[in-house]
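Protein sequence lines correspond, in order, to chains E, H and W.
Just so you know, we're using the working numbering here: the first sequence kicks off at 1 and counts up by one.
Just so you know, we're using the working numbering here: the second sequence kicks off at 191 and counts up by one.
Just so you know, we're using the working numbering here: the third sequence kicks off at 627 and counts up by one.
Honestly, I wouldn't trust all of these hints.
[As the list claims (entries may be wrong)] Below, in silico cross-link-like pairs of lysine-lysine (DSSO-like), each with a Cα-Cα straight-line distance of 27 Å or less: (1) E/81 with E/98; (2) W/796 with H/273; (3) W/912 with H/613; (4) H/273 with W/883.
None of these hints come from the bench; they were simulated from the model.
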Amino acid sequence: MADSASTADTAHGGADSPEANRRDFIYIATGAVAAVGAAALAWPFIDQMNPAADTLALASTEYDLSQVPEGQQVVIFWRGKPVFIRHRGAAEIAAAKKDDGAALRDPQTDAQRVVQANGQPGKEAYLIVEASCTHFGCIPTFGGGPYGGWLCACHGSVYDTAARIRSGPAPENLKVPPYVYTTDAVVKIG
Amino acid sequence: MSGPSTYEPKTGFERWLDKRLPIFRLVHDSFVDYPTPRNLNYFWTFGAILTMCLVAQIVTGIVLAMHYVPSVDHAFDSIQRMKRDVPFGWLIQNVHAVGASMFFLAVYIHMFRGLYYGSYKAPREVLWILGVVIYLLMIATAFLGYVLPWGQMSFWAATVITNFFTAIPVVGEPVQQWLMGGFAIENATLNRFYSLHYLLPFVIFGVVVLHVWALHVAGQNNPDGIDIKDKSDTVPFSPHATVKDLFGTAVFLLMFAAFVFFLPDSLGHPDNYIPADPLKTPPHIVPEWYLLPFYAILRAIDFAVGPISAKLGGLFLMVGAIAVLFVLPWLDTSKVRSMRYRPVARWFFVLFVAVCLALGWCGAQQPDLIVAQLGGVQIKVTQLAQLLTAYYFAFFLIVLPILGLRETPNRVPDTIAKAIGEKKKTPVAAAPDREA
Amino acid sequence: MLRSLVLAALVAAAPAIAIANEGADRPPKLEWSFEGPFGTFEQAAVQRGFQVYKEVCASCHVLRHLSYRHLGERGGPFVASGKFNAASGGWEDIHLGPPHHGGRLVPAADNPYIRAIAGEAQITEIDRTNGQEITRSGRPSDKFVSPYTNPYQAAATHGVAPPDLSLIVKARANGADYVHAILTGYRAPPAGEGAPGGAANLSYNKYFAGHWIAMAPQLTQDRVVYSDGTQATPTQMAHDVVTFLAWASEPKQTGRKRAGFAAMIYLTILAGLLYVAYRQVWRDVKH
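Model the full structure from these sequences, guided by the hints.
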């Protein structure tokens, strides 16, 4: 048995024989096919944690802007979070435009704050921003303060009439969510 | 059983780890170099298949738990949401539901294998008993899990089974209320069933570890029931058994997939697509197919015996049907392990399998359905079930003890290698270049 | 021997565990486009079926597990494709049917057919500012409106609550055949047989267990006017509404079967490769 082992080494399934190559090919092919299957099997388990269809269906909210009188703001829910829709008066818009060149922590012109998601200009009368202070997420209140805009009571961040950060600890302007005007009066957020 | 460890750490890391936590050594000794009998047939792949089923159920179950809501008002809807809105939720839910049936199919084949080849006999008694413990835990898990969808069958099957506790004298009703957390199956019950359904599979996993440990102490049985004598009887577990297990698992998965993708509702009951209604009893309350034999035994006892009511008698026998499995190693007196060499026992076994299947059929029928008419005598399902139950217990309590002492078994070969040689009527010619 | 026993058992047990429709005739076996491993839904039939549901059934039966947006899913009655215009953020060239040749599936929220259907529904909600009940027109994300405020009202109106139809095809033995049989199974009762207890609201139905059903016959000739001109015979309407309900019971079923086809091919290849590997490993071992 021992001496036949050495002759058997190459003649019959040894490390360098054609049989060995075929054998290795079978194992590698099987392993590869199994690996592909394992990956295909793993994907559903990962994907199932993604938002489900009913959650995604609520990813957009539509709102009829004609319901907001001038000088008023409404708070609506978008993706489970509050969003301000403010119908600005001419004075507020003018005040915002005046400070377009001022030293801003997060520089943006007023026109940039009312742009639609598709790049087209929106309506400057309607400012739509997420009602979440960019410091730690409290909801700011409108009115009072030196810039005529919002004030966050938690740590004293102050925003102007274009919801840009003017003083206080918040690092950025209130976030403008992506929105599109589907008709003249109806905006679709998200 | 396998002798001293043959593991040689190759890298520096392996040597370092081997001195601190010899896990590679354990894996090597148990699943790589482990001597496995050469003559195993495909029935021995079911251990791996069962492991795959357990892992599949646990993984799909944990994922389902991310979406399921255990409340009577939301349970049914949350499962529909899973099937309609959660990405791939339909697939994961189907695998879990079908997987339970596949798990039981595999475990029954595994158990019948053990019965036929004498795998329960010394020195594997503890291995067998651990297996019965796993089976019991599986039944409990399946029962708890079936309640969770909160369909008509879920609710009413739970009601029927918990009602059986009232048959126990004195403590029956308080125990039933303790189990339910109330006076009927409601939110309290659903929540605790969910908690326990999540827990038990991990208990099963633990017992499976003990089961595999016990297996490795005694070593595998084999279809000829002959002990391993030396190395020529065995092959290393890897790659020989692993590749065979993988192939067996792949074939099993083909059947599994056929049900998951093409026949997902065929193993269930349409009534479970109706939300539970405590005011409306379904016309036929039946458990899932894998519990039907026990249901048949339970219902077969429709007569009281002395102070024992019919309900209590049925409960006794249903529990007894599993309890008898625990003592099986001591009931069978045969010196020969495998029924391959026990020609008379083999026929009793075949009859036993047929009886189990027939009991399953009885469990699905209405008890007063007429099965046969002999002259003027009508045999109903209940009578048939009584006959079948009698054989079930007779097989364990009468046939196996007596047959071992009476039967003349065939001659058992001395070694596995000889058994393989005798099986192949013409000797296999050695490959020419192997001649010494 | 053991193996063939197990296989024979599985084959034998299957019909034995089938559930009988006691106290009624077995529904006739019909051919359905969605049955079998290669079944599909014909969009025109599902649309007609939805129209029957809306005009005939919706006044009494809820579709509890469906939202309007589901109607735009693949296989659904109003699945539509089109081209997305990134500049305007809108969809163009919208037409019914699944996407072919470069078109994309229009999301239900943007699908005009679904917006129209949802818009017809009136949804009652609580106004968060004043706590009052308000009604608004439906959106695709809303669930199908129930004709009742609560289930007890449903039972009180009809004697027994009309069952939810979103799962009816799965919740009955013989599924689609059974529902079709019920809808077309109304007959004059046999001579001398009257409704149990003389109840006036029960009708005789050949295929309903116990024969007396609380729903009066609904599918009368031309009850619905099909927009595609198909003759609305009772059998046609029954066929269409059952096709719609079969889709509603599992909107993802065609996708499931397609995935199954791929899975079976893959597993067959894998099993074949593993068998060859197994034979290779065991080549020189007598066993």
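Q.
Tell me if the straight-line CA distance from residue 81 of chain E to residue 98 of chain E falls inside 27 Å.
A. Distance of about 31 Å is beyond 27 Å: violated.
(Q) Need the status of pair residue 796 of chain W, residue 273 of chain H: alpha-carbon distance at most 27 Å? (A) 13 Å, holds
Q | Given hint residue 883 of chain W paired with residue 273 of chain H - CA-CA distance at most 27 Å | A | Holds: residue 273 of chain H and residue 883 of chain W sit about 14 Å apart, inside 27 Å.
(Q) Just to be careful, I want the Cα atoms of residue 912 of chain W and residue 613 of chain H compared with a cutoff of 27 Å; is the pair within it? (A) Satisfied, since the Cα-Cα distance of roughly 11 Å is no more than 27 Å.
Comparing the model with each numbered hint stated earlier shows that hint 1 is the single one that does not hold.
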